[in-house]
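Engineer: These two chains come separately, so use the hints to put the complex back together.
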Amino acid sequence: MLGDAFDLRTYTRQLGRSSTITVWIALLCLILFGLLRYDNFGSTYNIGSFLNYNSMFILISVGMCFVIMTGGIDLSVGSVAAFASVVAALLSPHGLWVALPGGILAGMAFGAVNAFIILVMRVPPFMATLATMLAAKGCALVLSGKQTVSVSWESNFTTLGMSSAFGILPWTILVTAIVVVAAWIVLEKTSLGRTVLAVGGSPDAAHLMGLKTGRAIAFVYLFSGACAGLAGVFLASGYGAGQPLEGVGWELAAIASVVVGGTLLTGGLGSIPATVAGALLFGLVFNILNFENGRGTISLSAYWQSVIRGGLLLLVILLQARVQSLGVRSKTS
Amino acid sequence: MSRERSSAERGVLLQNPLSGISLRRHGGLIALALLLLFNIVFTRNFLHMQTLFVNVSQVATIAIVAVGMTLVIATRGVDLSVGAVMALAGALAPLIFMSSFGRANPGLGVALAIIVPLLVAAACGLFNGVLVAFLNVQPIIATLILFISGRGIALVLTNGNLQTFSNPIFSFLGTGRILGLPFQGWLALAIALFFAWLVARTLYGRYLLAVGGNETAAGLAGVPVRTVKIATYVISASLAGLAGLIVVAINSASDAARIGNLMELDAIAAAVVGGAVLSGGRAPILGAIFGAVFIQLVRYTLLANGFSDEVALIIKAAIIVFAVYLQQASRE
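Sequence lines, in order, name chains W and D.
Using the numbering used here, you'd call the opening residue of the first sequence number 1 and step up by one each time.
Using the numbering used here, you'd call the opening residue of the second sequence number 1 and step up by one each time.
Check the hints yourself; a few may be wrong.
Said to hold, decoys possible - Interface residues of chain W toward chain D, partial, derived using beta-carbon atoms under 10 Å:
id : residue
1  : His94
2  : Val98
3  : Arg122
4  : Phe126
5  : Ala128
6  : Ala135
7  : Ala205
8  : Ala253
9  : Ala256
10 : Ile298
Hints in this document: simulated from the structure, not taken from any laboratory.
For glycine and all other residues, C-beta sits at the position ideal for the given N, C-alpha and C.
Chain D extracted, bound-state conformation (with noise of 0.2 Å):
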């Protein structure tokens, strides 16, 4: 364990003195550039086209999931039932494309199964940000209980089963592709800009960053502090629920059991390697995006090259610690 965990350290750490360049601001991209030197040396195949499409396509999720915990904890919260909100929204979309009416309207109910799973997951988040908002339940608490019943809701929706299917104007949301690369890549790419731009750009983003930075003086400034929350834990969920149906189109199949499972923590650990602070205030969206794709890539690397998935966990781990520590470094 330590020994994994003490040259990625090192790696990083030694660079620093040499270009001068600040670890605290640029570690990540520093890190970052280390990994893919790596790669292009010592992983075979990995300048190559599939490889791109393989860690595209298993990143877009995470990414995704990644801009709505960025937002949450921008506003000082976490958000731990998107997990279970995409189990709930990849549980739901086969049950109503599959049903009698859904076969007998195709489009209609392709339609529906995208519309329905993400007014569900709004909904949740509706459910969360009103527990947050109205009752000043602390966010880990507050989205602790669909972390713990939303699966469970799945789970009794479906019964259990596996539900298989093909659909191929569903599955172009997991397998389409769109000039070489997964569908869901560009979906993650647009959601992303988009964010940041809202963030960056408009009321709405202001409001946030005011409430995650002081939220009684953004609340006396006339800030809707209430409203904003609420929002931001709507949009959170239905990321998620997105994000859900996502990953029910690449294995054309449901598995409520395992949707979304340990999503929560991805999404969470990205958004912190791209900078967003816990104590609130600061919504880095590209940076979330760069969270999961470096995340992501720690993890093919590791696998890649003969790492178990076990190993991939501990040195998971590893950088979260380690991320968060050059943060608050420096912040002191």
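Bound conformation, chain W alone (with noise of 0.2 Å):
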């Protein structure tokens, strides 16, 4: 157990680049592909439509690789997403600068609840953070009263989700941009960051050397909770509407983002920009393919998207596979 934290620069060095650079050369590609293939790809409306709904799933995927880095997971993402949305939705009328708060704050709630089931109770994480999960869809169902709950139009809450700053950037790609160089730069250039890693490289380990290892977990939680309520506000704020039934299936797409971003579910290792290139490849796969749809090269119903996504993550495992049992063993505690 010890001797992962010891050889984690070389290792992370070696297998960080052969597995994210996978990632990138699929979207490049894709990106290519799209832009020969179809004349409004390169168009502002769909870049920006395309952004604008990606950036929910790039928001908690970031958040999900923060966890999976520590080694582990957290589920409730997508129920809390919907929850932070009926928040968000019910402050509304009070406007943006009350929701938006709001909603975070709800996020970080469920974040926080997760952090004390793990680090106080010591629940695995993945066991806390179904049961937060079904809590939170629960108090979401509660608090909305099983139903969509509309936002308010008078206040300048719907701005966030459907104006652009400076009159080309939607407000919700420059948020999405600002957390994600937030998120970087802990990662790579704050000792909370190298904690991050430490305690996913080796838990025993990095208490040993000393590391704050609780603080570090705490963070991670925390944060999540915080990016899956910004993607609820999101979420109110773009489509005019609390949605407590949305959600399912978001924590599996963001794990599967950072998956395909070549982090290791082990922790450990981990790439921010990586895990957004992951995000937008799961994205702009189906992009294309309602690109096709509207030439009519093929007719897919929408019941496909989920066959097609599992099928790229199956892809993805098979060419991770590889490339992590040279050098990987499971590191199970």
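Structural biologist: Quick look at the structure:
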């Protein structure tokens, strides 16, 4: 167990590059393919709506990436986003500056519950966040009275999801970009980020080295909760309603993005840009399928989406399986 | 949220110093006894054959899936795909016996409508097992693939349509009675007893616990680790397929979008409440049945006493956390 921490660096370099490069190449190929094949693929409208929709998934994927880097998992993000969208919609008459922090805090509250259950009650993350997933869903349904909660159109709440900064860049994209860059800096440049990786590499070694492991673990669940909360605010603001039943399967989409981005589920290794690339890759596949549907070359019902998503995940896993089996044995403690 | 949780927890905690029985070992049984007592006193018509009938018919599918889940958890794995596999099997069955071939040969049609979906489910398990055993993919991720796409395949097959049917022979799976109790209840019991025997008395059982306890050591001792893992995922998926058929038979309708929805959560919860440990090495099959009954009874108690389904969700969450917490505390 201790050995893992010592060769962390070399292993990060070798494995990190080889597995993140796959996702970048795939992303570039898809973009090139789209640009060459479809006229409107590179249009401002397509890019804008594509990024606007996928910003929610990018956010929860980045939060999930932090959690997974510590060797944990956060299954609650989808329900928490739904819960936050209801909270934000209920607060929307008071304006964006109440509803936005309200939604984020609602997400962080569940993040705090996760951290408490995991750190204090010592329940494995998988079970803890499974439980909060149910609890958040229940809370969202109770709070909303089982119905979608329409947002206030009088206040400035919908500005966030429906209009653009300086007339060009949708606010959601700008905010998401800021969160992504901040997360990247925290991971790469701060001691907190190093601690997160060390905890994932080997919790015991990190603890013995005197690192504040508890603080790092609490941070990742709070951050993931905040990201889910923000995604919920985007959902309510962009689609005009708090939606208690939304968010089903988001956690899995996020996990898939993180895995595609080369982050190992055993923790100790991860890349924020590659995770974002992974989320974009999934989004892009569906964007391209929509174009193909529009052209009439294929006609796939919406039901195919999940089949294709699963197939794509399988493909990535098969590619990664070789890389993983070279250097890493399972590090369950 | 906290009110219900704390009173439920307090009920169990109070019992401990009074009785002197170890809370860790018997916490679940005490909680179940309290729950039954509460229902006998407060819930109207609780001591009624109809109540038993409803509960048994609802708990059977959870129990059947939970048995498979317990086996998977014993290998240190988890099977997220059970709900999707249920949907797949449940969508296939009506397609088969309502096809022109199935209508022309009713007997053979129904037989095929049971066998083919079970084989497809087993194939799903084989897929999961191969990913886990040969490619060393973590179980969560390996079963995630079918979790995502299994239901999608079911929806594509049925084009998202609700299939309704009336087929007395097939519906016996979900509505038949033996000795006044639902057929699927007896089926679940038989399955549980069989697998309890399998774990306790056969080579497979020994291997299973060895793999879950220490995979490397088991491998060195000559246990066919990969075969055991694959077999376990095949069993889990097959049982999920069976549960899917039962759900369809109960409703005389098949809706691929809804069959087995959130079943993976119920099954994991039942297994864990029943004493399965996520770090593997234990396979309390009868415990899983107990866990399934407990979860069903909690839900029934809440619904019968006017709480909504949402509140039941929140309380189920609290129970899961508390059950694992007790497990964890007893190990430390």
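Engineer: Look at each hint and say if it fits the structure.
Structural biologist: Verification of the supplied hints:
| no. | hint | verdict |
| --- | --- | --- |
| 1 | His94 | violated (24 Å) |
| 2 | Val98 | violated (23 Å) |
| 3 | Arg122 | holds (5 Å) |
| 4 | Phe126 | holds (7 Å) |
| 5 | Ala128 | holds (6 Å) |
| 6 | Ala135 | holds (4 Å) |
| 7 | Ala205 | violated (20 Å) |
| 8 | Ala253 | holds (8 Å) |
| 9 | Ala256 | holds (7 Å) |
| 10 | Ile298 | violated (13 Å) |
The structure is inconsistent with the numbered hints 1, 2, 7, 10, although it conforms to all the rest.
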